[in-house]
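Student: Now for the letters of each chain:
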Amino acid sequence: AAGVIQSPRHLIKEKRETATLKCYPIPRHDTVYWYQQGPGQDPQFLISFYEKMQSDKGSIPDRFSAQQFSDYHSELNMSSLELGDSALYFCASSYGTSGGQETQYFGPGTRLLVL
Amino acid sequence: AQKVTQAQTEISVVEKEDVTLDCVYETRDTTYYLFWYKQPPSGELVFLIRRNSFDEQNEISGRYSWNFQKSTSSFNFTITASQVVDSAVYFCALSEGRDDKIIFGKGTRLHILP
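So the sequences go chain by chain: A and B. 1 is the number of the first residue of the first sequence in the numbering used here; add one for each residue after it. 116 is the number of the first residue of the second sequence in the numbering used here; add one for each residue after it.
Where hints are given, some of them may not hold.
Claimed, not checked - As a list, the in silico DSS-like pairs of lysine-lysine whose alpha-carbon atoms are at most 25 angstroms apart:
#1 Lys118(B) with Lys57(A)
#2 Lys57(A) with Lys22(A)
#3 Lys221(B) with Lys57(A)
#4 Lys185(B) with Lys221(B)
#5 Lys118(B) with Lys153(B)
#6 Lys118(B) with Lys221(B)
#7 Lys22(A) with Lys153(B)
#8 Lys185(B) with Lys131(B)
#9 Lys118(B) with Lys185(B)
Bear in mind the hints are in silico, worked out from the structure with no lab data behind them.
My request is simple: use the sequences and hints to build the entire structure.
Tutor: Below, the structure is given as structure tokens:
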């Protein structure tokens with residue numbers, strides 16, 4: 001079965017650079033979620049989109065922005081990167097929103113290293 | 116406020132032993148969802164189970180079983196006859212009915228020794 005696709009899988013950036021992470025949800029899924037997992041930490045919710053509209057927001061820094069496109073893929077844009085942004089970034093998708101009523105299926109993650 | 120506590124940071128057992136991972140949650144909502152995810156060394160998050168707050172039936176899936184008890188706010192996970200491939204970090208998680216976000220516990224790192 002098709003899964004969530006994230007690209008790139010690995011990314012190395014310098015401080016103050018920008019990065020764009022992409023997420024392609026499971027076919028027919030219309031909701032995407034972004035999570036950040038620091039080294040040895042649990043995943044932290046950043047933001048979610050349902051039908052191209054932001055539906056929930058968590059601890060996403062102002063330097064980050066995200067959007068969902070008409071084909072339901074999503075991009076997370078990160079600017080003025082800091083060392084602390086080094087983490088594993090997960091995208092998840094589900095069909096429909098409304099909290100945990102629909103299971104979130106996670107992609108393999110993008111590992112970002114900021115030097 | 117919602118919170119998930121996994122008191123066991125790390126567990127090591129010998130292959131073929133049974134092991135139970137504990138999870139205690141806090142929420143003020145009457146409608147909520149509980150999850151377990153597995154994160155193997157390769158890093159991906161693998162969905163294992165979702166339960167809603169109105170269904171306290173225990174569930175068994177092969178060697179995996181889950182015990183949901185609202186009276187103690189617990190959602191424990193047992194692996195029977197553990198195998199080396201079960202070695203991973205296991206996250207218990209909670210989502211309240213009105214929220215999109217999943218709140219994860221800190222995870223339990225499980226080592227299955229051959």
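Student: Next, verify each hint and record whether it holds.
Tutor: Hint by hint, here is what the structure shows:
1. Lys118(B) with Lys57(A): holds, 17 angstroms
2. Lys57(A) with Lys22(A): The hint holds at about 18 angstroms.
3. Lys221(B) with Lys57(A): holds, 21 angstroms
4. Lys185(B) with Lys221(B): holds, 21 angstroms
5. Lys118(B) with Lys153(B): With a Cα-Cα distance of about 19 angstroms, the restraint between Lys118(B) and Lys153(B) holds, given a limit of 25 angstroms.
6. Lys118(B) with Lys221(B): With a Cα-Cα distance of about 10 angstroms, the restraint between Lys118(B) and Lys221(B) holds, given a limit of 25 angstroms.
7. Lys22(A) with Lys153(B): Within the cut-off at roughly 23 angstroms; holds.
8. Lys185(B) with Lys131(B): violated, 30 angstroms
9. Lys118(B) with Lys185(B): holds, 15 angstroms
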